[in-house]
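K.L.:
Chains as they are written, first to last, in this note's numbering: chain A, -17 to 213; chain B, 21 to 200.
Because the hints were derived from the structure by calculation, they are not lab data.
The structure displayed is predicted, hence computed values, not measured ones.
Where a beta carbon is used, it is the ideal one built from N, C-alpha and C, also for glycine.
Do not rely on the hints blindly, as some may be mistaken.
Said to hold, decoys possible - Computed, partial: chain A to chain B, Cβ under 8 Å:
no.	residue
1	ILE(-6)
2	PRO47
3	SER165
4	LEU167
5	VAL169
6	ALA175
Unchecked claim - Derived contacts from chain B toward chain A, CB cut-off under 8 Å, selection only:
no.	residue
7	SER43
8	VAL87
9	VAL159
10	GLY166
11	THR168
12	VAL178
13	LEU180
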Amino acid sequence: MTQTGDHNEDDIVLVGEYALHLLDAASRLAFEERLLDDAGLRQLLREWDEGLVSLADGIAPVAPPPRLKGAIEARLFEAPVKRGFTFGALFGRRGVALGFVALIAVGILFSSNLLERPQGPTYLAEIAAEDRGLVVEARFDPAAGEIGINRIAGAAVTGRVLELWLIAEGAPGPVSLGVLPTSALAVVSVPEALRTAMIGGTLAISDEPLGGSPTGAPTGAVLAVGAVTSS
Amino acid sequence: MTTTSDIETYIVRTGLGDRTAFSSLYDATSAKLFGVCLRVLNNRAEAEDALQDVYVRIWQKANSYAVNGYSPMTWLITLARNLSIDRLRARKAPAKNIEDVLDLADSGPTPEAAAVQKSERAQIDGCLDELDTVHASAVRGAYLEGDTYQDLADRAGVPLNTMRTWLRRSLAKLKDCLSR
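Here chain A stands alone, though its shape is the one from the complex (with noise of 0.2 Å):
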């Protein structure tokens, strides 16, 4: 099925050129200026990458080195990079005692209505500061890949946010599951990556300016900490 009855033969050629960056730097620039005019130019330009693209399929993936990642989400929601982020550094240079993760507190949690989720096995965490100034509740569906959240104390203070954590089992530091909502109630999503790390791992919320964390990694107090059980 031809899709480019309407170009002759030397936009074919010249969109394959451009496709396969074959142009130079002036005509490159020259042929991107047309596209941005000629619907029928990025509908060829669409078919030859397609056409083109399975040419990649003989590449190997190659895993990234993991620091790459917090790298690029640093560069994209601002602020320095920080390096060598350790589950100790995390507690530690927060001036929040090392005693604090011993005092987490575990409990098998009733849940919410909302948060009721009929089928397969859920893992539950509270979530909670030490003088319980702050206590959320959390449901983990692995099959919905999905935390339930129930906020029953405390709140972000104006103009900051709170954001939750997952520190996995010999992670070398925490991974953000992203802001919470003002809302009491929420659902969170886990990325794929992330559900099996769920399961026996901790969950923690910091202090945040809003947006959440500029650096991959908790900027503010870490205010309450709880350990993720099977219900």
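Position chain B against the provided structure of chain A, taking the given hints into account.
P.N.:
Same frame as chain A, but now just chain B:
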């Protein structure tokens, strides 16, 4: 296992500013795209920088994805390849270690990529088979290694204009075959 439609969803949600979806997209696709950057640049440090640029660009451009009509992996791979070639052109090309390049190619596609792309793959291969061998390998060289007309002419041992004429004629045939 991440499917093509998962990846599509991640891109669309990334376009809405969903950082979790962006994170999932990175986890699902960064190894393939890093492979593409490495293949073109043949230099690990540069490929790492290129990969960062790629995901920054993905974040910025994902909101236009839904309307551009590309299949998700084509969009991602094309973006990774284009940025890598831009970077390649920005430096004076060092000699390539052809054995490294072959090593990367030899490991083959992941089973899922192979399954998704199988029919297309057969098509591009079939179409390249219809071309003169030298022309077909020029197309591969341009696509996979970012070769310029000059590189291709040097490799084939022909004048630049000859290579240009050959390849332009072959591209017309190739497009015709791909549209069949």
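K.L.:
None of the hints should be skipped; say for each whether it holds.
P.N.:
Hints and how they fare:
1. Annotation: A:ILE(-6) was flagged as interfacial toward chain B, and the flag holds, the nearest CB pair being 5 Å apart, inside 8 Å.
2. Because the smallest distance between the Cβ of A:PRO47 and any Cβ of chain B comes to about 7 Å, under 8 Å, the interface hint for this residue holds.
3. Annotation: interface hint on A:SER165 violated; nearest CB of chain B at approximately 17 Å, more than 8 Å.
4. Taken as an interface hint, A:LEU167 does not check out: its beta carbon lies about 18 Å from the nearest beta carbon of chain B, beyond 8 Å.
5. Violation of the interface hint for A:VAL169 is found here, the shortest Cβ-Cβ separation to chain B being roughly 11 Å, above the 8 Å cut-off.
6. The criterion of a C-beta within 8 Å of any C-beta in chain B is met by A:ALA175, whose closest approach is roughly 4 Å, and the hint holds.
7. Below 8 Å, beta-carbon pairs count as interface contacts, and B:SER43 has one with chain A at about 5 Å; its hint therefore holds.
8. A distance limit of 8 Å between C-beta atoms decides the matter here; for B:VAL87 the minimum to chain A is near 11 Å, and the interface restraint is violated.
9. Hint on B:VAL159 holds. Least Cβ distance to chain A is approximately 7 Å, under the 8 Å limit.
10. With a cut of 8 Å, the hint placing B:GLY166 at the interface with chain A holds, because the nearest CB-to-CB distance is about 6 Å.
11. About 7 Å separates the beta-carbon of B:THR168 from the nearest beta-carbon of chain A, less than 8 Å, and the hint is met.
12. Taken as an interface hint, B:VAL178 does not check out: its beta carbon lies about 15 Å from the nearest beta carbon of chain A, beyond 8 Å.
13. With a least beta-carbon distance of about 11 Å to chain A, the hint placing B:LEU180 at the interface is violated under the 8 Å criterion.
Of the numbered hints given earlier, the model fails hints 3, 4, 5, 8, 12 and 13; all others are met.
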